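Undergrad: Let's have the full structure, built from the sequences with the hints guiding it.
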Amino acid sequence: MWARALEEITAPSDGEGTEMLAKLVAGLIVGFARFITAVRGKWEGIEPVDGQRVYFANHASHGDFVLIWTVLPPRLRQRTRPVAGADYWLKGQLRTFIGRDVFNAVLIDRNRENRKDDPIALMTAALDGGASLIVFPEGTRNTGEMPLLPFKSGLYHLGKARPDVDLVPVWIDNLNRVMPKGEIVPIPLICTVTFGAPIRVGETQAKEEFIARAEAALLALSPKTAVP
Amino acid sequence: MTAPHPHLLTLLAGLAAILVAASAIGYVLQWRLSPDGSNTVIENLNDRIRAWWVMVVLMGLALIGGRTGVTLLFAFCSFAALREFVTLTNTRRADHWALAAAFFIVLPAQYYLIWIGWYGLYSIFIPVYAFLLLPILAVLAGDTTRFLERTAKVQWGLMICVFCLSHVPALLNLKIPGYEGRNALLIVFLVLVVQSSDVFQYVWGKLFGKRKVAPAISPSKTVEGLAGGVLSATVLGAFLWWITPFNVWQAALMALAINVMGFFGGLVMSAIKRDRGVKDWGDLIEGHGGMLDRLDSVVFAAPVFFHLTRFWWT
Numbered sequence: 002m003w004a005r006a007l008e009e010i011t012a013p014s015d016g017e018g019t020e021m022l023a024k025l026v027a028g029l030i031v032g033f034a035r036f037i038t039a040v041r042g043k044w045e046g047i048e049p050v051d052g053q054r055v056y057f058a059n060h061a062s063h064g065d066f067v068l069i070w071t072v073l074p075p076r077l078r079q080r081t082r083p084v085a086g087a088d089y090w091l092k093g094q095l096r097t098f099i100g101r102d103v104f105n106a107v108l109i110d111r112n113r114e115n116r117k118d119d120p121i122a123l124m125t126a127a128l129d130g131g132a133s134l135i136v137f138p139e140g141t142r143n144t145g146e147m148p149l150l151p152f153k154s155g156l157y158h159l160g161k162a163r164p165d166v167d168l169v170p171v172w173i174d175n176l177n178r179v180m181p182k183g184e185i186v187p188i189p190l191i192c193t194v195t196f197g198a199p200i201r202v203g204e205t206q207a208k209e210e211f212i213a214r215a216e217a218a219l220l221a222l223s224p225k226t227a228v229p
Numbered sequence: 149m150t151a152p153h154p155h156l157l158t159l160l161a162g163l164a165a166i167l168v169a170a171s172a173i174g175y176v177l178q179w180r181l182s183p184d185g186s187n188t189v190i191e192n193l194n195d196r197i198r199a200w201w202v203m204v205v206l207m208g209l210a211l212i213g214g215r216t217g218v219t220l221l222f223a224f225c226s227f228a229a230l231r232e233f234v235t236l237t238n239t240r241r242a243d244h245w246a247l248a249a250a251f252f253i254v255l256p257a258q259y260y261l262i263w264i265g266w267y268g269l270y271s272i273f274i275p276v277y278a279f280l281l282l283p284i285l286a287v288l289a290g291d292t293t294r295f296l297e298r299t300a301k302v303q304w305g306l307m308i309c310v311f312c313l314s315h316v317p318a319l320l321n322l323k324i325p326g327y328e329g330r331n332a333l334l335i336v337f338l339v340l341v342v343q344s345s346d347v348f349q350y351v352w353g354k355l356f357g358k359r360k361v362a363p364a365i366s367p368s369k370t371v372e373g374l375a376g377g378v379l380s381a382t383v384l385g386a387f388l389w390w391i392t393p394f395n396v397w398q399a400a401l402m403a404l405a406i407n408v409m410g411f412f413g414g415l416v417m418s419a420i421k422r423d424r425g426v427k428d429w430g431d432l433i434e435g436h437g438g439m440l441d442r443l444d445s446v447v448f449a450a451p452v453f454f455h456l457t458r459f460w461w462t
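Going down the list, the protein sequences come from chains A and B. With the first letter of the first sequence counted as 1, position 28 gets the number 29 in our numbering; the numbers rise by one all the way through. With the first letter of the second sequence counted as 1, position 1 gets the number 149 in our numbering; the numbers rise by one all the way through.
What the hints contain is simulated information worked out from the structure, not anything from laboratory work. Hints are supplied without guarantee of correctness; some may be wrong.
[Said to hold, decoys possible] Beta-carbon label-pair distances, calculated as ranges:
{"no.": "1", "chain 1": "A", "residue 1": "ARG96", "chain 2": "B", "residue 2": "ALA289", "range": "26 to 34 Å"}
{"no.": "2", "chain 1": "B", "residue 1": "THR292", "chain 2": "A", "residue 2": "SER223", "range": "53 to 61 Å"}
{"no.": "3", "chain 1": "B", "residue 1": "LEU280", "chain 2": "A", "residue 2": "PHE33", "range": "28 to 36 Å"}
{"no.": "4", "chain 1": "A", "residue 1": "PHE33", "chain 2": "B", "residue 2": "LYS427", "range": "27 to 35 Å"}
{"no.": "5", "chain 1": "B", "residue 1": "TYR175", "chain 2": "A", "residue 2": "PHE36", "range": "52 to 60 Å"}
{"no.": "6", "chain 1": "A", "residue 1": "SER223", "chain 2": "B", "residue 2": "THR293", "range": "20 to 28 Å"}
{"no.": "7", "chain 1": "B", "residue 1": "ALA362", "chain 2": "A", "residue 2": "SER223", "range": "31 to 39 Å"}
{"no.": "8", "chain 1": "A", "residue 1": "GLY130", "chain 2": "B", "residue 2": "GLU191", "range": "36 to 44 Å"}
{"no.": "9", "chain 1": "A", "residue 1": "SER223", "chain 2": "B", "residue 2": "ARG180", "range": "27 to 35 Å"}
[What the hints assert, rightly or not] Think about it this way: if two alpha-carbon atoms lie no more than 30 Å apart in a straight line, the pair counts; the simulated DSS-like pairs of lysine-lysine are:
{"no.": "10", "chain 1": "A", "residue 1": "LYS43", "chain 2": "A", "residue 2": "LYS117"}
{"no.": "11", "chain 1": "A", "residue 1": "LYS43", "chain 2": "B", "residue 2": "LYS360"}
{"no.": "12", "chain 1": "A", "residue 1": "LYS43", "chain 2": "A", "residue 2": "LYS92"}
{"no.": "13", "chain 1": "A", "residue 1": "LYS43", "chain 2": "B", "residue 2": "LYS421"}
In this text, all values refer to a predicted model and were calculated from it rather than measured experimentally. Think of the CB as a built atom: it goes at the ideal place given N, C-alpha and C, for glycine as much as any other residue.
TA: In structure tokens:
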């Protein structure tokens with residue numbers, strides 16, 4: 002019965018009811034994230050002020066963009082959209098509701114061979130619509146021992162396509178310990194989200210060079226590389 | 149819920165008056181010496197005073213809310229403290245279920261036992277049952293790397309953050325002849341004495357501190373601060389005898405015991421922070437650091453105060 006009721010209220014519609022429910026769920030998710038992680042944003046190279054940005058972060062858990070979202074001031078949060086895999090977020094009505102209505106995610110097709118929409122085109126369209134973006138250039142969740150997986154080239158192409166937008170490195174620390182892959186009960190641990198100084202793609206910069214620079218900018222924010 | 153004892157309201161009003169005075173002094177200091185917010189000592193002082201307001205208001209509301217309010221408040225403090233503690237330990241993937249049990253089963257169960265007042269179980273629940281249950285959960289995950297170290301750390305965290313701290317609300321369970329209905333004042337006595345000791349040590353240390361007590365562990369603790377702080381807080385405890393079941397000299401001795409335990413609690417918790425290479429446990433409370441930074445002395449004093457009172461007065 003509950004599942005049925007849930008399906009009814011989360012069924013696709015553009016009504017005001019859905020919007021209010023989405024806001025309520027967003028508030029609950031942010032509250033839950035704070036309860037479990039006491040997350041705090043550290044602004045160490047840029048301030049939380051208006052301005053269009055692409056936040057690029059390390060990716061170790063499904064909760065990653067929730068944490069970034071939680072530490073953004075509400076005004077910025079409303080205009081910040083995560084970029085996520087359509088294959089995951091369009092599976093089932095609840096996920097679709099959360100992915101599309103609550104987070105307003107830019108859903109991209111990660112399957113290179115037979116995708117119809119070019120992810121970069123979708124992202125630039127979202128930027129042109131006035132949104133800021135959250136991207137995970139590693140492309141997939143990092144569950145190994147490496148601090149960072151090699152970046153995919155999307156960030157470079159995005160930065161090249163919209164050279165006036167700041168690319169902000171964001172290090173999410175500890176969340177992989179809160180909820181390791183495959184576990185369903187989160188462990189309360191303090192997480193931090195560190196925002197570093199923005200970078201841009203230089204006019205003559207080669208792809209490899211830029212990617213190495215972006216990776217280094219992100220890694221430099223990790224407390225584990227700073228403190229032994 | 150019974151009406152709060154008039155002594156409790158008097159004390160809360162007194163505290164509010166002290167905080168009004170402290171806020172006024174902080175405001176004048178800032179206005180005269182640090183109008184642009186550049187003097188970090190004054191900024192930190194004002195942060196601390198603001199945090200004291202929040203803590204006193206929360207504590208006051210909880211005490212007025214009675215047994216349920218106090219139990220809930222300290223359950224939350226334990227939760228935040230354990231969250232800080234576990235963050236600083238090197239747990240592994242295999243500890244997941246042991247940690248989940250610590251947070252979501254052991255912690256609520258301990259406070260539930262306190263709430264229903266089952267002394268026989270809450271005084272052994274974590275030292276015996278959690279002590280045996282958690283390594284069982286950990287061993288089932290099949291990872292032997294640093295097994296003893298990991299198990300010991302989870303248990304230590306539970307003892308400090310949950311077991312010891314839960315002895316503050318447990319004070320409500322003591323049945324002291326002739327003191328019925330006033331047990332909340334024992335909590336006020338403990339918390340006031342131990343926290344004022346921290347404040348007095350800070351003030352004496354800032355004013356007269358020269359010789360360091362334990363330079364390897366806590367560079368800010370001085371002999372002058374320690375002696376002045378402990379003595380002042382002991383005198384304060386003696387002055388508070390009228391809210392306790394103790395007479396004047398008993399109240400002074402109790403306060404002294406609380407202060408000595410509190411001082412060493414701060415020292416022990418500092419040693420852990422040093423070892424882990426951090427200055428604070430967290431940043432939950434502006435100007436103070438984390439929950440454990442504020443509660444380290446309470447944690448060590450609470451069980452001793454509880455048992456001393458229980459042994460001689462019930």
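Undergrad: The structure should be examined with respect to each hint, and the outcome stated for every one.
TA: Hint by hint, here is what the structure shows:
Range check, ARG96(A) to ALA289(B): Cβ separation about 29 Å, and the 26 to 34 Å hint holds. Distance hint for THR292(B) and SER223(A): a CB-CB separation of about 28 Å, inconsistent with the stated range 53 to 61 Å. As the Cβ distance of LEU280(B) to PHE33(A) is approximately 31 Å, the hint placing it in 28 to 36 Å holds. Judged by the Cβ atoms, the range 27 to 35 Å given for PHE33(A) and LYS427(B) holds: they are separated by roughly 29 Å.
A beta carbon spacing of about 34 Å between TYR175(B) and PHE36(A) contradicts the range 52 to 60 Å that was offered as a hint. SER223(A) and THR293(B) have their C-beta atoms about 23 Å apart, which keeps the hinted 20 to 28 Å range intact. Taking the beta carbon of each, ALA362(B) and SER223(A) are about 32 Å apart, inside 31 to 39 Å as hinted. Checking the proposed 36 to 44 Å range against GLY130(A) and GLU191(B) shows it holds: the Cβ atoms sit about 42 Å from each other.
Take SER223(A) and ARG180(B): their Cβ atoms lie about 42 Å apart, and the range 27 to 35 Å is violated. At roughly 38 Å between alpha-carbon atoms, LYS43(A) and LYS117(A) are farther apart than 30 Å, so this suggested pair is violated. The suggested pairing of LYS43(A) with LYS360(B) is violated, with an alpha-carbon distance near 33 Å, which exceeds 30 Å. Distance hint between LYS43(A) and LYS92(A) is unfulfilled; the C-alpha atoms sit about 34 Å from each other, more than 30 Å.
As the CA atoms of LYS43(A) and LYS421(B) are separated by approximately 21 Å, the hinted pair is consistent with the 30 Å bound.
Checked against the numbered hints given earlier, this structure breaks hints 2, 5, 9, 10, 11 and 12; the rest are met.
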